[in-house]
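*Asks:* Here are the chains, one letter per residue:
Protein chains: 4
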Amino acid sequence: MTDFAQAVQDILAAGQRMDNRGWVPATAGNISRRLADGRIAITRSGGHKGFLQAADVITVDENGKPHDAGNRPSAETLLHCQIYQQDPSAGAVLHGHSVASTVLSMIEPTEALQLSDYEVQKVFEGQTTHDATLAVPLFRNDQDIARLAREVAPHFGVMPAGYIIRGHGVYVWGKDMPTALARLEGLEFLLACLLERRKLGV
Amino acid sequence: MTDFAQAVQDILAAGQRMDNRGWVPATAGNISRRLADGRIAITRSGGHKGFLQAADVITVDENGKPHDAGNRPSAETLLHCQIYQQDPSAGAVLHGHSVASTVLSMIEPTEALQLSDYEVQKVFEGQTTHDATLAVPLFRNDQDIARLAREVAPHFGVMPAGYIIRGHGVYVWGKDMPTALARLEGLEFLLACLLERRKLGV
Amino acid sequence: MTDFAQAVQDILAAGQRMDNRGWVPATAGNISRRLADGRIAITRSGGHKGFLQAADVITVDENGKPHDAGNRPSAETLLHCQIYQQDPSAGAVLHGHSVASTVLSMIEPTEALQLSDYEVQKVFEGQTTHDATLAVPLFRNDQDIARLAREVAPHFGVMPAGYIIRGHGVYVWGKDMPTALARLEGLEFLLACLLERRKLGV
Amino acid sequence: MTDFAQAVQDILAAGQRMDNRGWVPATAGNISRRLADGRIAITRSGGHKGFLQAADVITVDENGKPHDAGNRPSAETLLHCQIYQQDPSAGAVLHGHSVASTVLSMIEPTEALQLSDYEVQKVFEGQTTHDATLAVPLFRNDQDIARLAREVAPHFGVMPAGYIIRGHGVYVWGKDMPTALARLEGLEFLLACLLERRKLGV
Numbered sequence: 001m002t003d004f005a006q007a008v009q010d011i012l013a014a015g016q017r018m019d020n021r022g023w024v025p026a027t028a029g030n031i032s033r034r035l036a037d038g039r040i041a042i043t044r045s046g047g048h049k050g051f052l053q054a055a056d057v058i059t060v061d062e063n064g065k066p067h068d069a070g071n072r073p074s075a076e077t078l079l080h081c082q083i084y085q086q087d088p089s090a091g092a093v094l095h096g097h098s099v100a101s102t103v104l105s106m107i108e109p110t111e112a113l114q115l116s117d118y119e120v121q122k123v124f125e126g127q128t129t130h131d132a133t134l135a136v137p138l139f140r141n142d143q144d145i146a147r148l149a150r151e152v153a154p155h156f157g158v159m160p161a162g163y164i165i166r167g168h169g170v171y172v173w174g175k176d177m178p179t180a181l182a183r184l185e186g187l188e189f190l191l192a193c194l195l196e197r198r199k200l201g202v
Numbered sequence: 001m002t003d004f005a006q007a008v009q010d011i012l013a014a015g016q017r018m019d020n021r022g023w024v025p026a027t028a029g030n031i032s033r034r035l036a037d038g039r040i041a042i043t044r045s046g047g048h049k050g051f052l053q054a055a056d057v058i059t060v061d062e063n064g065k066p067h068d069a070g071n072r073p074s075a076e077t078l079l080h081c082q083i084y085q086q087d088p089s090a091g092a093v094l095h096g097h098s099v100a101s102t103v104l105s106m107i108e109p110t111e112a113l114q115l116s117d118y119e120v121q122k123v124f125e126g127q128t129t130h131d132a133t134l135a136v137p138l139f140r141n142d143q144d145i146a147r148l149a150r151e152v153a154p155h156f157g158v159m160p161a162g163y164i165i166r167g168h169g170v171y172v173w174g175k176d177m178p179t180a181l182a183r184l185e186g187l188e189f190l191l192a193c194l195l196e197r198r199k200l201g202v
Numbered sequence: 001m002t003d004f005a006q007a008v009q010d011i012l013a014a015g016q017r018m019d020n021r022g023w024v025p026a027t028a029g030n031i032s033r034r035l036a037d038g039r040i041a042i043t044r045s046g047g048h049k050g051f052l053q054a055a056d057v058i059t060v061d062e063n064g065k066p067h068d069a070g071n072r073p074s075a076e077t078l079l080h081c082q083i084y085q086q087d088p089s090a091g092a093v094l095h096g097h098s099v100a101s102t103v104l105s106m107i108e109p110t111e112a113l114q115l116s117d118y119e120v121q122k123v124f125e126g127q128t129t130h131d132a133t134l135a136v137p138l139f140r141n142d143q144d145i146a147r148l149a150r151e152v153a154p155h156f157g158v159m160p161a162g163y164i165i166r167g168h169g170v171y172v173w174g175k176d177m178p179t180a181l182a183r184l185e186g187l188e189f190l191l192a193c194l195l196e197r198r199k200l201g202v
Numbered sequence: 001m002t003d004f005a006q007a008v009q010d011i012l013a014a015g016q017r018m019d020n021r022g023w024v025p026a027t028a029g030n031i032s033r034r035l036a037d038g039r040i041a042i043t044r045s046g047g048h049k050g051f052l053q054a055a056d057v058i059t060v061d062e063n064g065k066p067h068d069a070g071n072r073p074s075a076e077t078l079l080h081c082q083i084y085q086q087d088p089s090a091g092a093v094l095h096g097h098s099v100a101s102t103v104l105s106m107i108e109p110t111e112a113l114q115l116s117d118y119e120v121q122k123v124f125e126g127q128t129t130h131d132a133t134l135a136v137p138l139f140r141n142d143q144d145i146a147r148l149a150r151e152v153a154p155h156f157g158v159m160p161a162g163y164i165i166r167g168h169g170v171y172v173w174g175k176d177m178p179t180a181l182a183r184l185e186g187l188e189f190l191l192a193c194l195l196e197r198r199k200l201g202v
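Protein chains in written order, with this note's numbering: chain A, 1 to 202; chain B, 1 to 202; chain C, 1 to 202; chain D, 1 to 202.
Next up, chain A with everything else stripped away, as it sits in the complex (with noise of 0.2 Å):
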């Protein structure tokens, strides 16, 4: 199998998981993956997450330049193309939207959600320990997603557990797929905890 076809292998079944979970409402999302010779395979513009076929799924350069001219990418494929290039080590990157990120991005004043004393803080690089607090920073919903791709830029480095955009998303990414896919799982289930306590005002 060539590593294009197993990058779409990956990608569909990426995208199948999400949807199983409730992450991929509607045609939102998108899941990528980066080739041996550094193109990135992603997800096409539109479509549901849950039901890709392998003709959606193109590839574009490290810019996010398609390589087949008529194939028209995802706006937001510019905030994976960005996690490429400033972590030498992605190999794929999670694009999800859960009720809980969503709601907890739209209700935190601060900049960050804080996570401690989680066990599964440790599926996150460099977590050693659930005796440590795990900053996810939150970024303002940009329908410029240049603007919002510099807004993201200062971060790189320290969040180990990806990002969020507010009333939007979550992005995670890992050194392949099951690495990001294992970090998605974990990132919701810490947001999926946070909200219960916030319900109960602890």
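Hints should not be assumed to be uniformly reliable.
[As the list claims (entries may be wrong)] BS3-like mimics (lysine-lysine), calculated; alpha carbons at most 27 Å apart, straight line:
#	chain 1	residue 1	chain 2	residue 2
1	C	LYS122	C	LYS175
2	A	LYS199	A	LYS65
3	C	LYS199	A	LYS199
4	C	LYS65	B	LYS199
5	B	LYS199	D	LYS199
6	D	LYS199	C	LYS199
[As the list claims (entries may be wrong)] If you only want the chain D side, here are some residues facing chain C, beta carbon under 7 Å, derived:
#	residue
7	TYR118
8	GLU119
9	VAL120
10	HIS130
11	PHE139
12	GLU185
13	CYS193
14	GLY201
15	VAL202
Worth flagging that the hints you see were computed from the coordinates, not collected in a lab. Since the structure is predicted, the reported quantities are computational estimates derived from the model, not experimental observations. Note that beta-carbon positions come from the ideal geometry of N, C-alpha and C, so glycine has one too.
Fit chains B, C and D to the given chain A structure using the hints.
*Replies:* Just chains B, C and D now, with coordinates in the frame of chain A:
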């Protein structure tokens, strides 16, 4: 495959999807598709929408009269027909009952649910930004469907996210079944967020 | 297929459906079907209802006595028998344990849960409108099932949505398995709505 | 089939079930089975428990030392070994991370969660009625697993529903895998009820 056979397949798949999400409990909900010749394929009255068979889909004319006099359409067929008459672009209509739509529509004192600042709002016709307010009108439930349809009538053209009947459920449509399903998922996602926020008091 | 073989198939499918919804945790719940000859096919004591095998379904007489003396019916078989005796139209009985029914029944100070203004109320026998109040009686849990049955007895004929044992679960029935399942789904949907409303204080 | 091959099959199926319920997010959780010869078959460190392959199950001795020196067991293997040593009847051990167990264990100020009046309590060893109180002990999370095991040690014999590590998850066991799974489901159901009641303030 004939247009009708394709419509049957679309309707059965939509029913399974809605059931999987918990939006067609008991015998609730109904699903339709406009055929190229103007007929409407719609689920028969009664029966579980998650376990539809081909024989559970019948055809009615634009006024809801069954082509086969022995078939009994649901009383709510009239609301589907109204949508197809009022919106020439409509190709599929979904009616589901979720916990979120039921509860929110029963407790909201004003005449619409207001949605703002959610990225997912962009799934609806004509919405290009999260930075807008989308109103989802609420109508009083009525066993007299003709009277209910008269209440809905004046709102056509200004309800891109569909509408909700109080204590009953949502009506959502789109140019084809995938679009209608995406909008239903988008609306239900937004209602789920709204319900969580109401519990948090924000 | 014999009537018993069909009943076994109905019971296994119902168990899988209830498990899929989270209504038969651990070894909870039980499921039965009346056979044409008056015998009752019912799940054996113990075992997970989501993973039933044909051998997990036994037959008992109208008083709950197993036809094969080596078979041990659940203690709650008596409650199934009571329903079949009191309601000649009953062809299938479902008993499940949901979070909503458990929690609501433990905290409600009055003797019934009241349901009003929900369209889904129409799934129950004799209900033609949302504009009515449906009472679902609550009985104190009791390990003495005969004594519990005596508490339930006077209510037959006036509990179209079934009944709930506090901290334990629901009993729902219908003329056949699809009807019983539809009513169970309807009741659980309404209880889920009620639980959300209690959290919202409305 | 050898005893080990059967254990592998039990462990893979348990992992899929726990994943289906959302109890093994990311790489969380671990699962083991005691073999007839005294060895313990247990999931390897890391990896997603919902997608286990046969090669992800290794064997360790009663002190947690892997039989194949190249295999790295999870640090928490020690807690599994402790259960098998302290409870000779234990044949399978499950450790999962649910939202309910995580949240409740982090906010409870006392040293145990108290469960009363739930029918489902009867799934646990020696419980014959709902009319009793079941205490589920809570232990402080600790990356030093040997020290954590010493905290747990004095409680063996008086924790029929297993125990919870705060902010981390549950440990549940039984004579075989179906019994352990039924108890895990029972405990998680009761914790889900408790969490809802905390939100309702009752």
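*Asks:* For every hint, state whether the structure bears it out.
*Replies:* Checked hints:
no.: 1; hint: C:LYS122 <-> C:LYS175; verdict: 16 Å, holds
no.: 2; hint: A:LYS199 <-> A:LYS65; verdict: 44 Å, violated
no.: 3; hint: C:LYS199 <-> A:LYS199; verdict: 10 Å, holds
no.: 4; hint: C:LYS65 <-> B:LYS199; verdict: 49 Å, violated
no.: 5; hint: B:LYS199 <-> D:LYS199; verdict: 10 Å, holds
no.: 6; hint: D:LYS199 <-> C:LYS199; verdict: 7 Å, holds
no.: 7; hint: TYR118; verdict: 5 Å, holds
no.: 8; hint: GLU119; verdict: 4 Å, holds
no.: 9; hint: VAL120; verdict: 6 Å, holds
no.: 10; hint: HIS130; verdict: 5 Å, holds
no.: 11; hint: PHE139; verdict: 24 Å, violated
no.: 12; hint: GLU185; verdict: 4 Å, holds
no.: 13; hint: CYS193; verdict: 5 Å, holds
no.: 14; hint: GLY201; verdict: 10 Å, violated
no.: 15; hint: VAL202; verdict: 5 Å, holds
Comparing the model with each numbered hint stated earlier shows that hints 2, 4, 11 and 14 do not hold.
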